[in-house]
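S.K.: Now for the letters of each chain:
2 protein chains.
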Amino acid sequence: MKDRRIIDAFMLEAIAEARKGLSEGGIPIGSVLVRDGKIIGRGHNRRIQENNTMKHAEIDCLINAGRVGSYRNTVLYSTLMPCYLCGGAVVQFNISKVVVGESRTFPGSEKFMLDHSVEVINLDLDECVDMMKKFIKEYPSLWNEDIGK
Amino acid sequence: MKDRRIIDAFMLEAIAEARKGLSEGGIPIGSVLVRDGKIIGRGHNRRIQENNTMKHAEIDCLINAGRVGSYRNTVLYSTLMPCYLCGGAVVQFNISKVVVGESRTFPGSEKFMLDHSVEVINLDLDECVDMMKKFIKEYPSLWNEDIGK
Numbered sequence: 018m019k020d021r022r023i024i025d026a027f028m029l030e031a032i033a034e035a036r037k038g039l040s041e042g043g044i045p046i047g048s049v050l051v052r053d054g055k056i057i058g059r060g061h062n063r064r065i066q067e068n069n070t071m072k073h074a075e076i077d078c079l080i081n082a083g084r085v086g087s088y089r090n091t092v093l094y095s096t097l098m099p100c101y102l103c104g105g106a107v108v109q110f111n112i113s114k115v116v117v118g119e120s121r122t123f124p125g126s127e128k129f130m131l132d133h134s135v136e137v138i139n140l141d142l143d144e145c146v147d148m149m150k151k152f153i154k155e156y157p158s159l160w161n162e163d164i165g166k
Numbered sequence: 018m019k020d021r022r023i024i025d026a027f028m029l030e031a032i033a034e035a036r037k038g039l040s041e042g043g044i045p046i047g048s049v050l051v052r053d054g055k056i057i058g059r060g061h062n063r064r065i066q067e068n069n070t071m072k073h074a075e076i077d078c079l080i081n082a083g084r085v086g087s088y089r090n091t092v093l094y095s096t097l098m099p100c101y102l103c104g105g106a107v108v109q110f111n112i113s114k115v116v117v118g119e120s121r122t123f124p125g126s127e128k129f130m131l132d133h134s135v136e137v138i139n140l141d142l143d144e145c146v147d148m149m150k151k152f153i154k155e156y157p158s159l160w161n162e163d164i165g166k
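Chains C and U, in that order, give the protein sequences.
Going by the numbering used here, the first sequence opens with residue 18, and the numbers climb by one from there.
Going by the numbering used here, the second sequence opens with residue 18, and the numbers climb by one from there.
Worth flagging that the hints you see were computed from the coordinates, not collected in a lab.
Among the clues, some could well be false.
Claimed, not checked - DSSO-like, lysine-lysine: derived pairs with alpha carbons at most 30 Å apart: (1) C/LYS128 to U/LYS128; (2) C/LYS128 to U/LYS37; (3) C/LYS128 to U/LYS114; (4) C/LYS166 to U/LYS128.
Please take these sequences and the hints and turn them into a complete structure.
M.R.: Listed below in structure tokens is the structure:
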């Protein structure tokens, strides 16, 4: 596991959201939206909790952020590389930058976002990988449903 | 205006959803999800009504459809060409086919969906164009916010 001191403080908040989701019986993916060094929205995957197929972590975070005006100077943090639904939101709303915890357990829509000039930073954290690996191993069907497999 | 008799019955339901949204003070975009010739979900843009930035018509429709299992044999109808958020949902969940009312007022993510092997049929209906044109003219800032401009 990488030294937590070098993990971006906002990623630690996204990880805290993921753990909250897990404690509720949900899929451990968390997200925060940051502008000018402040968190303006936070959320986690609530698919199972709310029986809502679109409640991926990033979507929950963006809903909770509310009507923030322009997204051009925002950074979206997610413990996992966004899927096409969430990457689609990033591209549509012109979110400038995405910081992810990992993409080893799910490749997501990285290329799609890069092709649309989104800056994507992958911290590749063992902590995030371990959380997803454990969940996928224990609940493979819930995970496959989450990503439309 | 094209002869309504030749408009797909499901598109008429999507248009009815759009009109319902308009009557609530919302953006007139409607959507239905169809499988085996039956509507299994329906919805409309509720951004304004629910102050929910992610409640585009297609997302509302997919939430309302619930956990339907595989989307491979589903067709998503929308009165307007889906944006990247909604096109992202189509691609992520492997929805096979999208039928839209028009793309004259908004080009959306047509190329992105086509590039991901989604069949996209554009009915190019004056009825849908007129509904959007009127709304955009009356409420340009609400529309621009809806598409992240």
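S.K.: For C/LYS166 and U/LYS128, compute the direct alpha-carbon distance and say whether it is at most 30 Å.
M.R.: Cα-Cα ~23 Å, so holds.
S.K.: What's the verdict on C/LYS128 and U/LYS114, does the C-alpha distance respect the 30 Å limit or exceed it?
M.R.: Given that 30 Å is the threshold and the Cα spacing comes to 23 Å, the pair holds.
S.K.: Are the Cα positions of C/LYS128 and U/LYS37 separated by 30 Å at most?
M.R.: The given pair, whose Cα atoms are some 38 Å apart, is violated under the 30 Å limit.
S.K.: Given the proposed pairing of C/LYS128 with U/LYS128, does the C-alpha separation stay at or below 30 Å?
M.R.: This hinted pair holds, its Cα atoms lying about 15 Å apart.
Of the numbered hints stated above, the single one contradicted by the structure is hint 2.
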